[in-house]
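Asks: So you can see what is in the structure, the chains are spelled out below.
Protein chains: 2
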Amino acid sequence: MLAYKVVNGEISRVIIAGGIHGNELIGVYLVKTFEKYGNLIERETFETICLLGNTPAINAGRRYVDKDLNRCFTKDILFNANTSIYEESRAKEIWQLLQPHHPQKLDAIIDIHTTTANMGLCMIINSMHPILLTLIAHLTSISPLIKVCFHPETPSGGFLRSLSELGFTLEVGPVPQGVLNAQLFQQTAKIVYAILDFFENYNQGKICINQKSNEKKLKVYEFIGTIDYPRNELGQLQGMIHPQLEYKDYQPLNFGEPIFLTFDNQEVFYQGESTVYPVFINEAAYYEKGIAMHLTQKKLVDI
Amino acid sequence: MLAYKVVNGEISRVIIAGGIHGNELIGVYLVKTFEKYGNLIERETFETICLLGNTPAINAGRRYVDKDLNRCFTKDILFNANTSIYEESRAKEIWQLLQPHHPQKLDAIIDIHTTTANMGLCMIINSMHPILLTLIAHLTSISPLIKVCFHPETPSGGFLRSLSELGFTLEVGPVPQGVLNAQLFQQTAKIVYAILDFFENYNQGKICINQKSNEKKLKVYEFIGTIDYPRNELGQLQGMIHPQLEYKDYQPLNFGEPIFLTFDNQEVFYQGESTVYPVFINEAAYYEKGIAMHLTQKKLVDI
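Protein sequences appear in the order of chains X and H. Counting in full-length UniProt numbering, the first sequence runs from 1 upward without gaps. Counting in full-length UniProt numbering, the second sequence runs from 1 upward without gaps.
What the hints contain is simulated information worked out from the structure, not anything from laboratory work. There may be inaccurate statements among the hints.
No copy is singled out in the list; a pair is fine if it fits within one copy or between any two copies.
Stated by the list, open to error - In silico DSSO-like pairs for lysine-lysine, Cα to Cα no more than 27 Å straight-line:
id: 1; residue 1: 32; residue 2: 289
id: 2; residue 1: 216; residue 2: 190
id: 3; residue 1: 298; residue 2: 248
id: 4; residue 1: 289; residue 2: 36
id: 5; residue 1: 67; residue 2: 216
id: 6; residue 1: 105; residue 2: 67
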């Protein structure tokens, strides 16, 4: 929603969001824990704000009540005077809360999500802001498990992270909806602390933001499209992720390799000519969106 | 619901149920596939009936609409004249459908479910009916991955499988709610075919039902209770399954071993004096039921 502008100003506020989807419990309970034990996330040079996204959906154990909240941060919805849809009015509330307090300073958004796909510990970014790239380079140096996806905002996007140029999603998995996984919970908490420490050091002038020095490269998976499941003319599901592709997020997929298995046991093969790197393979929430996986291309980005 | 009586009569009908829980997709799509390709499940000597349990919940992508259907097959509900709760009236419909057609013959129920717990391929039985035990011994001989849980019906039970003395649940996992896993889908289909073939051979007199010959033993995990998560005085969750216990279904749990990790990083240890064998560890649907895991004891049963 904000125009992309490189402002290397001080970071004023860091928003930690969880439960934007009510059945992604790691974010929900991390934010509740941070609210209870504020010392875990307090730092000297900026304010940290905990945001529990969708309380009615959390209480119902569902992703959303009326509509996916993480598709509601669009101009159309935010500038619309009245709406009876819960998630649309909640998006407007959150947007109001996140209006910048200091025009010359920056706010960052850490939006914690989980996925049923084998995404590991993934940061999804909208922009190649140099502060974000330097942050990610720092995080990957302390935890080689971290992956990076670049998913530029589209007009139909409406992700919470798009409200800030220092906004990103922490997407961790695989974990079922409605389930806590202690190991992923702890790993995600450690990443949040490392991010807060990075911002603290940045504000204290201890971190140099490289302006494309070409000295280091960052591996980034850039979103290029989606593939739907096999369906019949009524839109009904006719197949599932092929066992050979299951859990193979970030791995190369080449022409002719199997991607689906239909219920009557027919294999469906990938027909694209160039090698792609699927992510979000078999994400539960994407069946209704017509998405079996996202496709990305692998890039090396200068930092 | 039926009194336990050993009738070694012919099997008249086999009911294959899926989607009793709307977000357990393997059962839903297996039953839809069996409906479409009837030859997969047709046998000479009995009728096979496909039953899609909870269509409104399937369409909504949820376990249930008003109430868990697989807790509604109780006397109280089935003999209650009127109810406005969807699942209660659906339970009565199914119960009507499953009224025996031939008093001297048997109906079997295969109720297909999935779990987020690492249950593998599990058969859950209400009774030690000799036909069931012989069936299970046969299945475990062709697929050593199959496990057996004995969970006798309680008055508050209300499971679909309790409508027949040859009723059982096929519980497969781990798989998230709302997700298909092709490997588990295929493994479950194979078990269904093997069960149907067994019943066919039984009806044709090709199978001898052992009357406790003491020649063979079957390993059975017998339900003895449940444990809830750590909660505060308001009932709010305070912790999660300990990483050392996660995925350890069917494995021994001894006094003093860790079972939970609280959100503020405290370990909680098992205090029971005897060794138990937890199952349904971290099942998503059981958070709201106050169940972190079922406890079982391991028994060897003569067949």
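Asks: Of all the hints given earlier, name the ones this structure violates by number, lowest first.
Replies: Those not satisfied are hints 5 and 6.
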